[in-house]
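*Asks:* Okay, here's what each chain looks like letter by letter:
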Amino acid sequence: MKKLINRVEAVVDEATQGLGLAHPDLVRVQAEPRFVARADAPVQGKVALISGGGSGHEPLHGGYVGRGMLDAACPGEVFTSPVPDQMVEAAKAVHGGAGVLFIVKNYTGDVMNFELAAELLQAEGIAVRSVLVADDVAVENSLYTAGRRGVGGTVFVEKIAGAAAEAGASLDEVERIARKVSDNVRSMGMALTSCTVPAKGSPTFELGEDEMEIGIGIHGEPGRERMKLRPADEITAMLAEPVIDDLGLKQGEQVIAMVNGMGGTPLLELYIVYRKLAEILGQRGITIARNLVGNYITSLEMQGCSITLLRADDELLRLWDAPVHTPALRWGV
Amino acid sequence: MKKLINRVEAVVDEATQGLGLAHPDLVRVQAEPRFVARADAPVQGKVALISGGGSGHEPLHGGYVGRGMLDAACPGEVFTSPVPDQMVEAAKAVHGGAGVLFIVKNYTGDVMNFELAAELLQAEGIAVRSVLVADDVAVENSLYTAGRRGVGGTVFVEKIAGAAAEAGASLDEVERIARKVSDNVRSMGMALTSCTVPAKGSPTFELGEDEMEIGIGIHGEPGRERMKLRPADEITAMLAEPVIDDLGLKQGEQVIAMVNGMGGTPLLELYIVYRKLAEILGQRGITIARNLVGNYITSLEMQGCSITLLRADDELLRLWDAPVHTPALRWGV
Amino acid sequence: MAGDAAAAVDGERIRAFIRRFAEKVAAQKDELTALDAAIGDADHGTNMDRGLQAALERLPGEGAAPGDLLKAVAMALISKVGGASGPLYGTAFLRAAAAVAGKATLEPGDVAALFKAALAGIQERGKAGRGEKTMVDALAPAVEALDAALARGASLGEALAEAARAAREGSDATIPLVATKGRASYLGERSRGHRDPGSLSATLMMEAAAETLAGGPAS
Amino acid sequence: MAGDAAAAVDGERIRAFIRRFAEKVAAQKDELTALDAAIGDADHGTNMDRGLQAALERLPGEGAAPGDLLKAVAMALISKVGGASGPLYGTAFLRAAAAVAGKATLEPGDVAALFKAALAGIQERGKAGRGEKTMVDALAPAVEALDAALARGASLGEALAEAARAAREGSDATIPLVATKGRASYLGERSRGHRDPGSLSATLMMEAAAETLAGGPAS
Ligand SMILES: Nc1ncnc2c1ncn2[C@@H]1O[C@H](COP(=O)(O)OP(=O)(O)O)[C@@H](O)[C@H]1O
Ligand SMILES: Nc1ncnc2c1ncn2[C@@H]1O[C@H](COP(=O)(O)OP(=O)(O)O)[C@@H](O)[C@H]1O
Ligand SMILES: [Mg+2]
Ligand SMILES: [Mg+2]
Ligand SMILES: [Mg+2]
Ligand SMILES: [Mg+2]
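Protein chains in written order, with UniProt numbering: chain W, 1 to 333; chain H, 1 to 333; chain V, 1 to 219; chain P, 1 to 219.
The hints are simulated quantities; they were obtained by calculation from the structure and are not laboratory data.
As the structure is a prediction and not an experimental result, all values here were calculated from the model.
Wrong hints could be hidden among the right ones.
[To be verified] Just a few of them, taken from the derived set where beta-carbon distance is under 10 angstroms, the chain W residues facing chain H: (1) N6; (2) L21; (3) T236; (4) Q254; (5) V259; (6) E269; (7) Q303.
For each residue, glycine too, the CB sits at the ideal point set by N, CA and C.
When you get a sec, could you build the whole thing from the sequences and use the hints?
*Replies:* And the structure:
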């Protein structure tokens with residue numbers, strides 16, 4: 001295992017400390033239980049947005065804490081959901097009296113840990129709502145599974161709901177916006193290589209030198225299909241088409257598109273994917289109104305990419321364009 | 001070779017097209033000869049900043065074209081300097097009558113190709129100056145080599161000289177600022193793994209499962225020393241100390257610091273490195289006034305990192321803080 | 001009937017059970033993680049080990065009642081494990097603690113009630129039935145076997161031994177199943193042919209119980 | 001003296017030389033790149049091949065003078081190769097073209113002047129002397145050998161063959177050297193033990209010249 005780490009047990013703590021040291025103007029890091037909070041939290045009268053999940057997906061979630069996005073992030077161990085204590089203490093630290101919205105990626109562990117935290121907070125009289133993100137179309141049969149996984153769409157929910165909260169929307173309203181985004185966003189990913197969880201020390205899965213995995217999860221969970229490597233244009237189509245179909249996108253609609261790297265993919269390659277994605281959408285008469293190309297939700301050093309599309313309307317575009325100032329996403333500031 | 005590409009020959013063209021498609025508000029891409037220009041170029045009366053070099057270091061340089069940074073970037077083939085035609089046509093397209101500054105990383109090929117371009121442009125009556133970036137302290141014996149390589153410091157020269165040009169500084173003044181940055185910036189990098197140049201199809205070098213290369217170049221050129229893998233804190237010290245010493249940084253000084261990923265390194269790990277860098281500098285009484293942590297000058301999918309420090313004063317900090325709006329660097333806008 | 005049924009189950013036996021469970025998980029940590037690598041995300045061993053080690057540190061001192069010991073484990077697991085298994089085992093131990101609250105020693109029937117409550121907690125939290133390829137597939141038959149053995153008059157030691165065997169068989173039986181809960185469910189058909197990691201940790205828990213609760217060395 | 005000295009060097013022989021050079025580089029592209037991988041950045045073969053293929057496409061048609069053909073190669077190399085070798089070989093061909101500008105056919109002395117000018121161009125652009133482990137280490141002895149052989153009355157064919165041998169020996173002699181110019185210089189002592197890739201491409205150029213300029217099939 002080749003990693004820039006000290007001790008396997010200290011990886012998440014040290015990285016979180018590094019984040020705090022690098023961005024003291026934006027975030028404040030607490031150690032026990034571990035969470036990352038907005039430097040100026042609590043913002044009185046503002047709905048507090050809290051997310052979290054296993055680490056190893058950076059910049060998600062810690063990199064999205066700051067003005068116009070999250071109030072706090074709770075990083076679990078690598079690929080392991082955080083524990084309720086983290087969300088409970090984070091919520092107490094950042095809530096501004098207008099309620100708390102949990103943004104939860106749909107994984108059994110995340111769901112249950114956030115659920116426990118919500119129960120504990122409700123008991124203390126803090127209003128908590130939860131929005132589930134479940135945008136991964138690679139999971140086909142959601143009746144016979146734990147349901148679709150939450151992946152790239154999470155970045156969009158955090159940005160857009162964050163803008164609504166920043167603008168002073170009520171808990172009801174922020175929840176409505178968050179659900180609107182999660183209802184209209186879909187993703188699909190693929191891997192060229194595995195990643196190695198530090199605590200395990202060896203690759204999560206093995207792929208042949210000429211193989212790739214389509215529909216990979218962000219924890220290296222196997223996907224829809226393992227197949228021979230194909231050219232980038234074909235791969236882009238294999239990811240984009242199920243997403244477009246599942247959203248039922250029609251000619252004349254507009255989207256916010258993300259071509260996301262899994263952590264080990266050169267930006268050069270992501271732009272090759274974006275080029276084809278723009279062509280595919282263009283041919284269907286769908287406009288890319290905004291886009292992100294880069295590493296936004298990763299799987300450690302995995303090579304591969306994912307495509308996320310959000311059906312956009314004026315409300316979502318306005319909130320998307322609203323100022324954001326976090327370690328990983330910044331504009332208008 | 002596992003890459004998200006179509007044909008080896010088309011990699012740079014397609015990625016450059018993708019960049020143009022993703023950021024039509026910021027950049028305009030031309031194909032033959034290939035360059036990336038500011039969407040609003042030429043800006044009349046503004047000194048035009050042009051850089052370029054081999055591809056494979058994205059976001060450098062194309063990702064730094066835009067307001068407050070470069071007017072044009074000339075991407076060569078992967079790890080191969082661009083040809084003079086590119087710089088000549090780019091300069092003709094973007095110069096605004098106030099002269100052109102070439103920002104050249106110190107590699108024999110880059111230097112000679114930019115030199116040829118400058119000769120051709122001077123012959124057409126366009127004033128061209130060149131500033132060489134040669135910040136890699138891994139190259140010890142610059143008398144017996146082609147001189148120090150230009151690496152991470154390039155990002156700082158482009159940002160800061162870009163801000164000066166945007167503010168309307170004269171060619172003399174922009175050149176002075178660019179030289180001031182390049183005189184005060186130093187870097188050093190390391191690799192955990194090799195990268196694979198698409199045209200070659202196999203790794204540039206081989207490293208044992210427990211080995212790393214200290215002082216690696218951004219093209220996978222072997223470095224100072226190959227050694228057994230060490231903890232991140234020790235690696236950070238091995239990179240930071242030669243940089244600090246070479247700059248002769250003293251207690252009470254301030255720096256702009258960059259912890260840069262080589263392309264395949266998780267952000268998680270870069271923050272672990274940043275944490276230690278902050279500690280090392282803190283112990284010496286050196287203040288990190290500003291920082292960047294992420295992938296800013298890469299080597300395809302190489303795993304590893306580099307540290308860049310720029311001795312900062314009020315003038316440089318003011319220019320650093322000036323608005324910038326490019327695909328890869330954005331603030332104040 | 002056997003000599004091991006001699007004394008009732010006191011706090012020190014519960015402590016021995018918790019220690020043995022932690023030892024077994026520590027010893028088979030890599031195995032648990034490898035199973036999770038095949039159909040999950042390769043952390044079940046690390047997760048459970050981290051939680052149980054924390055539990056050992058937080059156990060109340062000598063003389064603590066069974067319920068207090070079990071509650072300490074619950075809180076440690078909830079605060080330290082994360083993932084799916086944290087809330088599941090956490091809830092299980094919380095319910096187990098509640099089932100025996102206030103008792104200084106446990107009769108065989110209390111032990112059965114303890115494990116029944118644990119199973120109910122897991123099913124309430126995780127909404128999994130039998131046959132979904134989860135820890136429930138080991139625990140549910142174990143609880144049934146424990147009940148049945150005690151009902152037919154077996155000693156606690158015998159009954160726990162049967163429960164542990166039933167857990168092991170239940171875990172074996174997860175191998176051909178397709179997962180429909182938890183992370184492994186994303187694999188669909190490809191989850192067949194692999195043992196569910198949580199069913200192994202649950203088996204280790206039942207084996208630890210069989211080796212400690214009915215007597216034997218208290219550590 | 002030998003039969004191959006029969007006809008003077010006209011445009012068609014220069015064309016054959018260029019083609020042969022391109023063929024050799026194409027055939028040994030991987031070898032050139034592998035040498036560059038050892039002490040550089042693994043692109044010398046691809047670079048030179050890309051440039052020479054472009055040169056072939058841009059060659060002026062039949063009847064073109066030697067200088068025009070060489071100039072076309074120069075421009076193609078400058079616009080297509082990039083890297084260090086682009087400006088170096090580009091300048092070399094530019095100077096070679098200038099050295100024979102206006103001549104329809106070349107005498108042996110013109111051929112010697114052509115290569116001498118090429119070498120001078122490379123040294124002016126790249127500032128490398130002999131012994132720095134670059135293409136100069138192949139070209140400089142080749143130019144000397146060509147001059148010396150012609151001076152002692154050898155035929156052009158013999159003289160070029162000696163030049164090619166000298167280039168090859170010069171290239172061999174780069175193996176033990178430490179590079180002090182170009183990318184390989186970053187390796188310091190670690191550049192020892194590897195052939196300089198540019199010295200091999202320069203050798204291929206001289207071998208192509210020996211095989212074509214003094215006659216033989218015009219390809
Ligand atoms: N809904 C559920 N009900 C019961 N057990 C479950 C459920 N979901 C998952 N599990 C159990 O949890 C185990 C995985 O635990 P662990 O790897 O620690 O968590 P995670 O899946 O979050 O990484 C599975 O092997 C399975 O036995
Ligand atoms: N300053 C120089 N003078 C002469 N030849 C040089 C010089 N620098 C490099 N070379 C030659 O160029 C060759 C490398 O060419 P190439 O790989 O195409 O370019 P790059 O080094 O830019 O990748 C070296 O093997 C060497 O022979
Ligand atoms: Mg997990
Ligand atoms: Mg090169
Ligand atoms: Mg797991
Ligand atoms: Mg090279």
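*Asks:* Run every hint past the structure and note whether it holds.
*Replies:* Quick rundown of the hints versus the structure:
no.	hint	verdict
1	N6	holds (4 angstroms)
2	L21	holds (5 angstroms)
3	T236	holds (8 angstroms)
4	Q254	violated (15 angstroms)
5	V259	holds (8 angstroms)
6	E269	holds (4 angstroms)
7	Q303	holds (6 angstroms)
Hint compliance for this structure: hint 4 alone is broken.
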